[in-house]
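*Asks:* Each chain, letter by letter, is given below.
There are 4 protein chains.
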Amino acid sequence: MVIVMKANATEEQISGVEKFLSNLELGVHISTGSERTIIGVIGDKRILIDTPLEIMPGVDRLVPIMEPYKLVGKTFRPESTVINIQGVEVGGDSLVMMAGPCAVESEKQLIETAVFLKEQGVQILRGGAYKPRTSPYSFQGLGEEGLKLLARVREETGLLIVSEVVSTDSLEKALKYVDVLQVGARNMQNFDLLQHIGKSKMPVVLKRGLSSNIEEWLNAAEYILNEGNYQVILCERGIRTFETATRNTLDLSSVPLIKEISHLPIIVDPSHGTGKWNLVTPMARAAVAAGADGLIVEVHPNPQFALSDGNQSLNFESFSTLMDEIRKIAPILKRELSQ
Amino acid sequence: MVIVMKANATEEQISGVEKFLSNLELGVHISTGSERTIIGVIGDKRILIDTPLEIMPGVDRLVPIMEPYKLVGKTFRPESTVINIQGVEVGGDSLVMMAGPCAVESEKQLIETAVFLKEQGVQILRGGAYKPRTSPYSFQGLGEEGLKLLARVREETGLLIVSEVVSTDSLEKALKYVDVLQVGARNMQNFDLLQHIGKSKMPVVLKRGLSSNIEEWLNAAEYILNEGNYQVILCERGIRTFETATRNTLDLSSVPLIKEISHLPIIVDPSHGTGKWNLVTPMARAAVAAGADGLIVEVHPNPQFALSDGNQSLNFESFSTLMDEIRKIAPILKRELSQ
Amino acid sequence: MVIVMKANATEEQISGVEKFLSNLELGVHISTGSERTIIGVIGDKRILIDTPLEIMPGVDRLVPIMEPYKLVGKTFRPESTVINIQGVEVGGDSLVMMAGPCAVESEKQLIETAVFLKEQGVQILRGGAYKPRTSPYSFQGLGEEGLKLLARVREETGLLIVSEVVSTDSLEKALKYVDVLQVGARNMQNFDLLQHIGKSKMPVVLKRGLSSNIEEWLNAAEYILNEGNYQVILCERGIRTFETATRNTLDLSSVPLIKEISHLPIIVDPSHGTGKWNLVTPMARAAVAAGADGLIVEVHPNPQFALSDGNQSLNFESFSTLMDEIRKIAPILKRELSQ
Amino acid sequence: MVIVMKANATEEQISGVEKFLSNLELGVHISTGSERTIIGVIGDKRILIDTPLEIMPGVDRLVPIMEPYKLVGKTFRPESTVINIQGVEVGGDSLVMMAGPCAVESEKQLIETAVFLKEQGVQILRGGAYKPRTSPYSFQGLGEEGLKLLARVREETGLLIVSEVVSTDSLEKALKYVDVLQVGARNMQNFDLLQHIGKSKMPVVLKRGLSSNIEEWLNAAEYILNEGNYQVILCERGIRTFETATRNTLDLSSVPLIKEISHLPIIVDPSHGTGKWNLVTPMARAAVAAGADGLIVEVHPNPQFALSDGNQSLNFESFSTLMDEIRKIAPILKRELSQ
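Chains as they are written, first to last, in the numbering used here: chain A, 1 to 339; chain B, 1 to 339; chain C, 1 to 339; chain D, 1 to 339.
A portion of the hints provided could be inaccurate.
Given that identical chains are not distinguished, each listed pair holds provided it fits within a single copy or across any two copies.
[Stated by the list, open to error] Listed next, the in silico SDA-like pairs over lysine to any residue satisfying Cα-Cα at most 25 Å (straight line):
no., residue 1, residue 2
1, Lys-6, Gly-33
2, Lys-199, Glu-67
3, Lys-6, Ile-42
4, Lys-6, Asn-278
5, Lys-201, Thr-81
6, Lys-199, Asp-169
7, Lys-70, Ser-31
8, Lys-74, Ile-42
9, Lys-148, Phe-305
10, Lys-74, Lys-199
11, Lys-199, Glu-144
12, Lys-74, Thr-244
13, Lys-108, Leu-53
14, Lys-70, Thr-134
15, Lys-201, Phe-76
16, Lys-118, Ile-83
Rather than coming from a laboratory, the hints here were simulated on the basis of the structure. On a predicted model such as this, the values are computed, not experimentally measured, just so you know.
With the hints as extra help, turn the sequences into a complete structure.
*Replies:* Below, the structure written as C-alpha cells:
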C-alpha cells in the first residue's frame, strides 16, 4: 500500500498517518518529493483491507500495490492448474468441449442432442435444470426432474454432465446428479453460494459476471478456493456494455490476460457472449485462437422451438461446422481435440 | 409483438410465420410496406416470451410492444403505492430517512449512532449484519449476533430496523429481528432469494443491480410482487460505468423515470452511489430535488475506524448538515420530513 | 510517479530502472518491502509522460501521483473562476440560464423563443447553426445564415448568444456573431479545434464527451487554457452507459466532484442528459441542488415540429414551470437568479 | 417506422397521428390489438428522420424498421467491396497487414522499422505525424515533417503509407504524401472532417469511436460514401467499458457482425484494442480467426524508448512471431498472406 498525501499536507498530518500505522504495527517508508509526500506501508497489509485511511486528514488517496487475491494468483502457484474430471482434463493439452441445450426440456430432446454431441467429440453435456430468468413469466426450468434426465442420459451416453446451480437448495440437489457445477453470471457474486460450492469440493465452471472486472472475477474464485476447492474453471461469457447489437460484448482479451495472472483454466461461451447463433462459430474460432482451454456452446435439435435462448443456439449442422473449424485451429495452438 | 421481415423475405417465409403463429392460436395483422413486410401479432403474447421467432427464415427482428412486467407497472395500478411500515409511510407525503453504519460492529457503535439519528429525525436504522464483500478476506459482518444488536437498539430507541439479506439462510434469521429487508445490488437477480422474500410478505428495499437497466430492475421487483408481496421499495444506488472517479455513477434520472412507469416508491442511496463522503450531501440534495421518496445514508460515529465503507460514511456533524439542507428542499417538492 | 516492481524483480532489474531514471536526471527513492520493491521518482516528472517505463524488465506497473493537468486544477488556482461575459457572470453568486432551440430553424421561431426566454429571466440564447448529426440525412443546420439570425435576435432582445462550432471553419464564422462558443460532446477531444478556440480568447462552453471521464474532460479544458484562454465553462450533459431508457446517463456527481478539483465553473444540460422532455425539469432541479453554476436547456415554441431534438425540448409552458421551481431551490444553495 | 400508441390512447389521438402523417403524404396501416394500437407508416420515411412524433399526444414510442444508413449496407450492395490501393487489395482473398510505429519519431527509427516490416510481408506502413493526445503536454507528432519522412521511406522501400488526419488542415497536407488516410477513434464523429475525406476520394481507414455502437460507426462511414468516396476500410480498435485491466475492450464480434450487414472491409487493431504488448499477438490471432480482412499493428524497434504508446508496441522479434502465427491461421479462413 502506498499513501499519497495531499500537496498541502502538513507535517502534523503526515506524522498522524505514521502514528496510526505504527499503532497497527506497520512500518512506514516516507518519501518526500518536490510536490508531494508519499508513504509506503511495510508489514502485513491485510490489516488495512477495510481501513478507510483515505479519509484521514491530509491523505489524498491510497494506491494498493498487491492484488487482493492470493490462491488464484500465479505468485501462489506459477504452473497452470489442470483439472481432471473423471478422465477429462481441463487446462492441459486438450481443448475441452462442453455443449448442449440451454434448458433441459424433455428426455427426447436431451438424448437426441447427447447422442449427436458424443459423435462430434464433445465430452461434457450442458443442460439447465434451474434457469435464472429475467422475467418471472419465462420458463424456469424443470428443476430436479431435469437433473434426473441429465443423469439418465449420462448413463446411456457416457457424457459427463455440467448444470447450473442458483441457490444452496439447487446445489444440494445438483451434487447428487452432476459432474461439474456451473455458476451463472448473475450469481458470480452470490458469496454464500460460492462458499457452499467451495465446501462441496465439486469441479465448477464460474462464469464472469455481467459487469465484473477481472479482479472481481478472480476474487469470486478466491472465495471457492479459500474453502478448499481448487477445481475452478473460469468462463468468459461477455460483459455488459453500451453496445446493443450483440447480447453481450465478448471480452476475449480476458483469455490471454487471465493466463498471465492466474493458474486457473479458462473457457469461453460464445453463445451468451454474442446472443446470435450466426456469430457463435466465428467467435468460437476466435476464442480458441486467443488461447482458451475450451468452449461451452448451446446446441439444440431445433432451435426454433427451444424454450430458452433459441436465438443463440446452434442446430446440429452448424455445430458440426464449428467442430470442423475448431479442429483445424487447435493444432496451431498446440492443442488436441478428442475424437 | 411486431415481427419485422427481412427486405428479401419470400411469400413462403411470410406465410410460414403466419402459420406458426396460428398454430399457437395467435392472430396476425400483415402490413406490406414498399420495402419490408411487418407482421403484428394479436392475442396473448405471453406465449411468445420464450419463442425464438427471430431465427425463423425470413425474419429480421422482433419488436416487443408490451413491457415484460405487469404488477409493478402503472397500467396495472395507476396510483402510487404507499407502504406503511408500523406507522412510517414510504411513498406518501413524507420523505423517509434511513441511516446508520454500513456494518454493525459493536453495541456501543450502534447505540451511539442510533441515539444521534433518532434526534435528527431518522425513522429507520440501517446496519449490515451479513455483508457481501468482494474479497473473502474483508470483514464479513457479525451475522445473527449483529441482528440481535439491531433488535436491542430498536427496543431502546424505537427506531425501525432495515438490514440486508444475502441468502435464504440469512433471510430466515432476519425475519425474526428486522422490520424491513434489504436486497443488495449483487443479489438483485438472485431470483431464488427474491421469491422467498415474496413469500415472506415483509417490506423490502430492492437495490438496483450494478449493471441492471430499469426494465430488469422492475422485472426483479415483479418476482417479489408475483409471490404476493407488494411492499417493495426500489432503491437507486448507482450503476457501473467507465467512470472511475466515483465508485458508481448515481443515475438520478431513474427517479423521475420510475415515477412515470411504476407505482412503487423509490429512494436513493448517495453513499454507495458516489463512494466518497464529501459527495454524499450534494447528491442527497439532488436526489430529493429529483423527486425521491427518501434516502438511505451511511453514518458512522468515527468513519476513520469503520470496518466497512468508511470512505463513504458521514460523521455526525456532516449528517446533521445533510438533514438541515434536506429540510429546506423537501417543502419545495411538497414533502414533509419528520422532526 | 511511483514504480511498482514485480514480486520477483532482480537486483539487476531494479538498478536498471534506477540507471534509466538517472540518465533522465531524475532522482529515485527506493522502498524495499517484504514482497515488493517500490521506486519513487523525484524531479520533473513531465519528462516521463510518454516514456513506456511499464515495459522495462522487472517493472509491474506505474502509479501516477500527480494529475496530468495543471492550469485547470485547484492547486494552480484555489479560488473559483468567475467568467464575466458582457456583464453576465458565470461561476459567481448567480445561476446562469442558457436556453433556446436545439437548431436555429427560422427567424420567426427564433424571435418568438427569444422574446419569451427574455421575459423568463434567461440571459443567454442557445441555438445551433452547425449541427453535428449522427446521420448525413438529418437536418444539418442553417450554417452562417443561422448565425446571422442569432445576431439579429441579439440586437432585438439584448440576449447574449451561445452557438456550437464543429470545425475551424465554423469557428471562424462564429467568432463574428456569437458571445459564447460551444464545443459539443463529439468534439470534446477534437484537439485541433480546442487549440484554435484557445487562441480565440472567446468564452466557451465545453461539453463533456459521451465516454470521457473527468480527467480527460479536464485535460481537454487544459488544451484551451494552455493557449491562454481561461474562459472555459464546463458542461455536464450525460455519458454513455448500458442504460437505454434515457438517451444518456446524466452524471450529476461530476458537479460536486469538479468543484473539488477545479476552479472552472460547471453547468448542466438536462435536455441531452435525459433525451426526454418530461425528465428535464426534475433533473434541472437536481442539477441546481447538486451545486451547478447554471443550466442550458432546449426550448422550442412547438417541439412537435422541431427539426432536431424535439423529443427533449420543453415548450414554453413547461419551461416556465422549470424556472419557477429553480427560483425556489436556488436560494437554498445561496444562489440568485436574475429576474 | 412503426408507431406504438399508449394503452390508453384515444380515438382522437390516433386520428391525430394519422392526419399528421397524411399531411406529410405518408400512408398509414393501423393495427388495433387487444391492448394497444400500432400504426405502420408507408412511404418515404426519410421525411420522418427528424420529426419528433414521439411527443404527439397518445404516442408511446417509435420503432424504426429500416436502418438509418443506405450506401454502406448490404441491401444497397450485396457483394463485398474490395478496395485496390495501388495493387494491394483490401477485402479480397488476401489479408492486408499494416504495421509501424505509433508516431514517426526520426528517419532512423522509421527506415529501420520499414525495412524490417517489408521483409516480414507487410504491405502498408503506419506512422502518426499528427497525434491526437489526451494531454497537451504529450508529444504531439512531427506534423508535415513526419509526413515527408514517411514519403521518403516509401520511395526507399516501396511500402504504401497510412497516416492519421485530425483536421482539414492536416488532411490537406496528408493528401500530398500518403496512400491511405486514417481517422482515429476520437474523430469518428468529426463530420466536417469525414465530409472533406469523402470529397478527397482517397482510401481511408475509419476507426470505430471509443463509445460508438455499430450503427453510429456505419453512419459515420455513410458520411464518406455519401460524398462519393467508396474506399472505406472499417477498423475495430476496442470500445470503452468498465473494465480497466485492458486499455479498451476489443469487440471482435463486430467483425462477423459487420460482415453480415455491410459490404465494407473490416480490419482490427489489437494494439489499441488491448493497450498491452503481450496481449497483441493472441488477439491478432483471434481477429484473423473471427474473419477480419487484415490487421494494423504498432511496431517499434525499441518500444522502451518510444515517444508514444510504447506499452502496446511490439518489438521486431515479437512481431515476427505474430506474422508466423497469422500465416498458419490465415489458410483455415481461406485467406492468403503475401510473402
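*Asks:* Up to 25 Å between alpha-carbons, please classify Lys-108 paired with Leu-53: within, between, both or neither.
*Replies:* Classified as between: cross-chain Cα gap 22 Å, same-chain 60 Å, threshold 25 Å.
*Asks:* I want to check one pair: Lys-6 and Gly-33. Are their C-alpha atoms no more than 25 Å apart within a copy, between two copies, both, or neither?
*Replies:* both (12 Å within a copy, 23 Å between copies)
*Asks:* Have a look at Lys-201 and Phe-76 and pick one of within, between, both or neither, based on CA distance no larger than 25 Å.
*Replies:* Within. Shortest intra-copy distance 20 Å satisfies the 25 Å Cα cut-off; inter-copy 47 Å does not.
*Asks:* At most 25 Å between CA atoms: does that hold for Lys-70 and Ser-31 within a copy, between copies, both, or neither?
*Replies:* between (28 Å within a copy, 22 Å between copies)
*Asks:* For the identical chains here, do Lys-118 and Ile-83 meet the 25 Å Cα criterion within one copy, between copies, both, or neither?
*Replies:* So Lys-118 and Ile-83 pass the 25 Å test inside one copy only (21 Å; across, 44 Å).
*Asks:* Is it within, between, both or neither when you check Lys-74 against Thr-244 at 25 Å Cα-Cα?
*Replies:* Classified as between; 20 Å across copies, 35 Å inside a copy.
*Asks:* When no copy is named, should Lys-6 and Asn-278 be tagged within, between, both, or neither for a Cα gap of at most 25 Å?
*Replies:* Answer is between; shortest inter-copy Cα gap is 16 Å, intra-copy 54 Å.
*Asks:* My question is about Lys-6 and Ile-42: at a cut-off of 25 Å on alpha-carbon distance, are they close within one copy, between copies, both, or neither?
*Replies:* Answer is both; intra-copy 21 Å and inter-copy 16 Å each pass.
*Asks:* Since the copies are identical, ignore which copy is meant and state whether Lys-74 and Ile-42 lie within 25 Å (CA to CA) inside a copy, between copies, both or neither.
*Replies:* within (22 Å within a copy, 32 Å between copies)
*Asks:* Within a copy, between copies, both or neither: where do Lys-74 and Lys-199 come within 25 Å Cα-Cα?
*Replies:* within (23 Å within a copy, 45 Å between copies)
*Asks:* Between the shortest in-copy and the shortest cross-copy C-alpha distance, which are at most 25 Å for Lys-201 and Thr-81: within, between, both, or neither?
*Replies:* within (15 Å within a copy, 46 Å between copies)
*Asks:* At 25 Å max between alpha carbons, let me know whether Lys-199 reaches Glu-67 within a copy, between copies, both or neither.
*Replies:* Within. Shortest intra-copy distance 24 Å satisfies the 25 Å Cα cut-off; inter-copy 41 Å does not.
When the structure is compared with the earlier hints, no violation turns up for any of them.
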